[in-house]
Amino acid sequence: FFSLVDEGKGAITDNAGEEGKKYVEWAHSNGDKVWPILSNNSYIETTAEIMRDYNLRQTLIENIVSLMIEYKLDGINRDFEYMYEEDKDLFSRFIIELKPRLKEIGAILSVDVTAPDGSENWSMCYDRHTIGKVADYIVYMAYDQNGDSKEGTTAGCDWTEVNIKKFVGTQEEIDSKKVILAVPFYTRVWYT
20 FFSLVDEGKG
30 AITDNAGEEG
40 KKYVEWAHSN
50 GDKVWPILSN
60 NSYIETTAEI
70 MRDYNLRQTL
80 IENIVSLMIE
90 YKLDGINRDF
100 EYMYEEDKDL
110 FSRFIIELKP
120 RLKEIGAILS
130 VDVTAPDGSE
140 NWSMCYDRHT
150 IGKVADYIVY
160 MAYDQNGDSK
170 EGTTAGCDWT
180 EVNIKKFVGT
190 QEEIDSKKVI
200 LAVPFYTRVW
210 YT
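In the numbering used here, the protein residues as written are 20 to 211.
You may find that some hints are simply not true.
Said to hold, decoys possible - Derived DSS-like pairs (lysine-lysine); straight-line CA-CA distance at most 25 Å:
{"no.": "1", "residue 1": "Lys184", "residue 2": "Lys197"}
{"no.": "2", "residue 1": "Lys107", "residue 2": "Lys196"}
{"no.": "3", "residue 1": "Lys196", "residue 2": "Lys52"}
{"no.": "4", "residue 1": "Lys91", "residue 2": "Lys40"}
{"no.": "5", "residue 1": "Lys107", "residue 2": "Lys185"}
{"no.": "6", "residue 1": "Lys107", "residue 2": "Lys118"}
{"no.": "7", "residue 1": "Lys196", "residue 2": "Lys118"}
{"no.": "8", "residue 1": "Lys152", "residue 2": "Lys107"}
{"no.": "9", "residue 1": "Lys152", "residue 2": "Lys185"}
{"no.": "10", "residue 1": "Lys185", "residue 2": "Lys196"}
{"no.": "11", "residue 1": "Lys28", "residue 2": "Lys118"}
{"no.": "12", "residue 1": "Lys91", "residue 2": "Lys197"}
{"no.": "13", "residue 1": "Lys91", "residue 2": "Lys52"}
{"no.": "14", "residue 1": "Lys197", "residue 2": "Lys152"}
If you are wondering where the hints come from, they were derived from the structure by calculation, not from laboratory data.
Treat the numbers as computed from the prediction; the structure is a model and nothing was measured.
Kindly produce the complete structure, drawing on both the sequences and the hints.
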């Protein structure tokens, strides 16, 4: 539905339009809730600029709330990937600032995160413990175990289970009722 505008100072591209509004109406008429994704499109510099500036974070939050109201959404799934590790605490601050605004309008906040180990800009850029305390749900994106540059499974059962235990165990200490497991419905072709 939504994504950050590259170098947009907190502006959001609305990809939903009238068709999106019709979809939300249809979903609600069938008793379903709608939590669209807000993606950063892996714009690392744009994301860093927003996270590092209180006023830009507030602009983004206002834009999110406006879209939530306009589309009569039940929640938002915040999917920011590929961020600087040094912005980890600022990203948590953003989630802390966003949550009460969504609560005011009765909306749910879910936040996508990767496995709790790996590269600094794809994995170590999240404080899962804090996000798990603040957000209504934390979505573990259990895929791309090996990515597209290395042979191997997309999401091995053992790898997924080990990481789920990190989420709900002593490493991250997230309430298991808040964890949503996102599983891949794809594979990658690789050769040896």
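Structure-based check of each hint:
no., hint, result
1, Lys184 x Lys197, "holds (14 Å)"
2, Lys107 x Lys196, "holds (24 Å)"
3, Lys196 x Lys52, "holds (18 Å)"
4, Lys91 x Lys40, "holds (8 Å)"
5, Lys107 x Lys185, "holds (18 Å)"
6, Lys107 x Lys118, "holds (17 Å)"
7, Lys196 x Lys118, "holds (18 Å)"
8, Lys152 x Lys107, "holds (15 Å)"
9, Lys152 x Lys185, "holds (15 Å)"
10, Lys185 x Lys196, "holds (14 Å)"
11, Lys28 x Lys118, "holds (20 Å)"
12, Lys91 x Lys197, "holds (23 Å)"
13, Lys91 x Lys52, "holds (10 Å)"
14, Lys197 x Lys152, "holds (9 Å)"
Violation of the numbered hints given earlier is absent; every hint is satisfied by the structure.
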